[in-house]
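Following the hints, complete the assembly by docking chain B onto the known chain A.
Protein chains in written order, with our numbering: chain A, 7 to 419; chain B, 7 to 419.
To be clear, the hints were calculated from the coordinates, so they are not data collected in a lab. A few of these clues could be false.
The list treats identical chains as interchangeable, and a pair is accepted whether it falls inside one copy or across any two copies.
Straight-line C-alpha distance at most 30 Å; calculated DSBU-like pairs for lysine-lysine [said to hold, decoys possible]:
no. : residue 1 : residue 2
1   : Lys180    : Lys208
2   : Lys113    : Lys180
3   : Lys372    : Lys274
4   : Lys207    : Lys113
5   : Lys163    : Lys121
6   : Lys121    : Lys207
7   : Lys113    : Lys372
8   : Lys121    : Lys372
9   : Lys369    : Lys180
10  : Lys37     : Lys180
11  : Lys372    : Lys180
12  : Lys113    : Lys369
13  : Lys208    : Lys37
Number of protein chains: 2
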Amino acid sequence: MNAEIIAIGSEMLAGDRVDTNSLYLTGELNKLGVEVVAKCVIGDNRDRLAAQVRQSMGRSAILILSGGLGPTEDDVTREAVAQALGRNLVFDTAIADWLAQRFAAAKRTMAEVNKRQAYVIQGADVLSNDRGTAPGQWLEESGAVAILLPGPPHELKSMFQRHCIPRLASIAPKQVIRTLFLRVAGMGESDLDQLIAPVYKKYQNPVTTILAAAGDIQIHLRARCETEAEADALLAEVGDPIELLLGDRIYSRNGDPLQVVVGDLLHKLDATVSVAESATGGMLGERFTSAPGSSQYFVGGFITYNNAMKMELLGVSPEVLAEHGAVSQETAEAMALGARARTKSTYALSITGAAGPETGSEKVPKGTTYVGLSDAAGTISVNRQFLGDRQRIRTFAAQMALDLLRRRITGRP
Amino acid sequence: MNAEIIAIGSEMLAGDRVDTNSLYLTGELNKLGVEVVAKCVIGDNRDRLAAQVRQSMGRSAILILSGGLGPTEDDVTREAVAQALGRNLVFDTAIADWLAQRFAAAKRTMAEVNKRQAYVIQGADVLSNDRGTAPGQWLEESGAVAILLPGPPHELKSMFQRHCIPRLASIAPKQVIRTLFLRVAGMGESDLDQLIAPVYKKYQNPVTTILAAAGDIQIHLRARCETEAEADALLAEVGDPIELLLGDRIYSRNGDPLQVVVGDLLHKLDATVSVAESATGGMLGERFTSAPGSSQYFVGGFITYNNAMKMELLGVSPEVLAEHGAVSQETAEAMALGARARTKSTYALSITGAAGPETGSEKVPKGTTYVGLSDAAGTISVNRQFLGDRQRIRTFAAQMALDLLRRRITGRP
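Next comes chain A alone, as it looks inside the complex (with noise of 0.2 Å):
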């Protein structure tokens, strides 16, 4: 069962303005097994909101409108809506008497176009309004529900919460959603999709959403079943083939972000680790420190961002720099090296690399990064060229190194 949402108000299409109501309606209209294929903002516009409203009731069982039910001449939604079914607008006496009570209790006079306000399209059952003076409208034409809403927050969910959720959960196909969550480190998005594509494709239920950030794809797999067994069968049909596919590139099945991961991880083993950052600059240490808790393991480190720091903070030769150069395998061991032996930390990270604009050269090309790593076993590095710009390098860089620590632990080479 589809669902539309159009909110409707000039002012809700500044630059600065998010339609929130629709948040909010989306996350309870999927807890009733309704799914929001899509939503509009319309400006105060009868006949452009007519056009929304009758393409929308053409092609989804449900329209949730928001907005424009005040008393002024900018409120359109009744006539559009009306224009849009082809039906009438009638005076509400019953309405238009609770607004008059509503008035005279705050000792206020009402002004003439609060009448507007009690008008309703033929056919339609009024929703009371427990926040304000805007009633709502529910109504229905072959087979599909509008419903007209007011736009202030706190009144359209006191007013969905009362009488459109349990109204829609009549009509709402009986169902159960269970997900699974997969989140993914070290793949290109369409290296990923290409992979598992072939297995996901076939399926219109579970729906698989991949969102990819750098160095850091998110892969949701949701089932709708009527039952919870029939949902988790299909997940495991669905999802086992692609977590065998994906093997241990994925980093984490509950949402937790790699930070999080290598966090537990190093408290488990009770191990720490320090940092010795170059072209990061500090943002390996601000992930591992933005995990509440994380002075359970993170001891600190260092920010060595020319050769000097990285000889004096890190005793970094020379010679290592003058050879090699600061992005460099031999550079990047040597920090990770420095900076275990300096903090005497279990594990020791470190990223060096050409993060741009101005940076690299053509030995050194822009993106190339090199992370190092040091534990009581011996000191590695690995390199990668990364695209983008200078804050997706050093993103990048950041996850490069937490997901090398992470496999250091778990013996994933």
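Quick look at chain B alone, frame taken from chain A:
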């Protein structure tokens, strides 16, 4: 001149996801004098998107689509727009070659699906993407313009700025828009608004917008007039009293973030800075080094996340830590002193605090933050109590450190 915006992607319809691209695009279109009259988010469904495209192009002069240009089957924008306009998709060998080169340069194999990105709607102009693999498209139909842009915000912004703004400016109605852009540190949003609202509330033109982040408030004044002189006069009429009220809390008049403003000050003085971070764990270093060219003044520093590291890496004395605690004026000053002594930088900044959620005590409540600053003239510190979650407190702390250095350099205590 009216515009509509459609964001494409089922993931954009989640209950916790906001289409930020449309906010950016609205801001830019408004600057061009173009009004946004409707915007939509449509899931990955070709027919539904095609219907929306037909409707929008039938009533508005400009339609901007974002997302759905990736390489996978889910990416339906090219097909949907072609379907809406009854045009064919044409394989563009120049794009295919460019994609192949891009992958070769990164030493990666191009997945077969990436070739989907080389299809162009018949008659469309290709918009190059300097941040990713999805080219954009610009096409015209019966006097209306449709622009297809990639979904990732950094790709969309770069493409829109480089290709679309100049071209839209040539078709948009002539009007002059002048803006005043102020950035303010060290004030809360409501305090600031209480101070300046009496000035700006009287004016519909210029439009005043206030955007607040942790410790960082942006004030935009936008005047639209027929002539530059009129617009400048209006901006001065409203902007001058605001600048007078805010005084040296204004740190930027050109949009530069605080780390860039401080970096420029350091660079002009031929001075350097180092950091010693506890609670922020690297965030201050990350901020400094997010600015291109920061190696000219940022040398590096220390992340000392526990007492042992504060003693060993920075030489904070055990007595200071025992007597005053890690979150104290004395420790902050000793950290800054230690960082400066060890790096020989002109200035050293330190941060120590209780960012929570589990840190903090009766004596040192969550949010307590000390920032130290050491230079040739001596060592000072300031403390503040911040509200919010862990990441917000840390962001406040890093901003406060940057602002302390700005005030020190410019002689404003």
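Can you tell me if Lys369 and Lys180 fall within 30 Å by alpha carbon in one copy, between copies, both or neither? neither (61 Å within a copy, 49 Å between copies)
I want to check one pair: Lys113 and Lys369. Are their C-alpha atoms no more than 30 Å apart within a copy, between two copies, both, or neither? between (56 Å within a copy, 15 Å between copies)
Give the relationship of Lys113 and Lys372 under a CA distance limit of 30 Å: within one copy only, between copies only, both, or neither. Between copies only: 14 Å across chains, 48 Å inside a chain, cut-off 30 Å.
Same-copy or cross-copy closeness of Lys207 to Lys113 [CA-CA at most 30 Å]: between (57 Å within a copy, 28 Å between copies)
My question is about Lys121 and Lys372: at a cut-off of 30 Å on alpha-carbon distance, are they close within one copy, between copies, both, or neither? Answer is between; shortest inter-copy Cα gap is 25 Å, intra-copy 53 Å.
When Cα atoms must be at most 30 Å apart, do Lys372 and Lys180 count as within-copy, between-copy, both, or neither? neither (53 Å within a copy, 41 Å between copies)
Given identical chains, is Lys208 near Lys37, meaning Cα to Cα at most 30 Å, within a copy, between copies, both, or neither? The answer is within: 22 Å in one copy meets 30 Å, while 45 Å across copies does not.
Within, between, both or neither: how does the pair Lys372, Lys274 come out at a Cα-Cα threshold of 30 Å? Between copies only: 27 Å across, 37 Å inside.
Using 30 Å as the alpha-carbon threshold, which applies to Lys37 and Lys180: within, between, both, or neither? within (11 Å within a copy, 49 Å between copies)
Between copies, within a copy, both or neither: which fits Lys163 and Lys121 at Cα up to 30 Å? Intra 24 Å, inter 46 Å, cutoff 30 Å: intra-copy only.
How do Lys180 and Lys208 come out at 30 Å by Cα distance, when the copy is not named: within, between, both, or neither? within (24 Å within a copy, 52 Å between copies)
Should Lys113 paired with Lys180 be assigned to within, between, both, or neither, using CA atoms and 30 Å as the limit? The answer is neither: 47 Å in one copy and 50 Å across copies each exceed 30 Å.
Of the numbered hints listed earlier, those contradicted by the structure are 2, 9 and 11.
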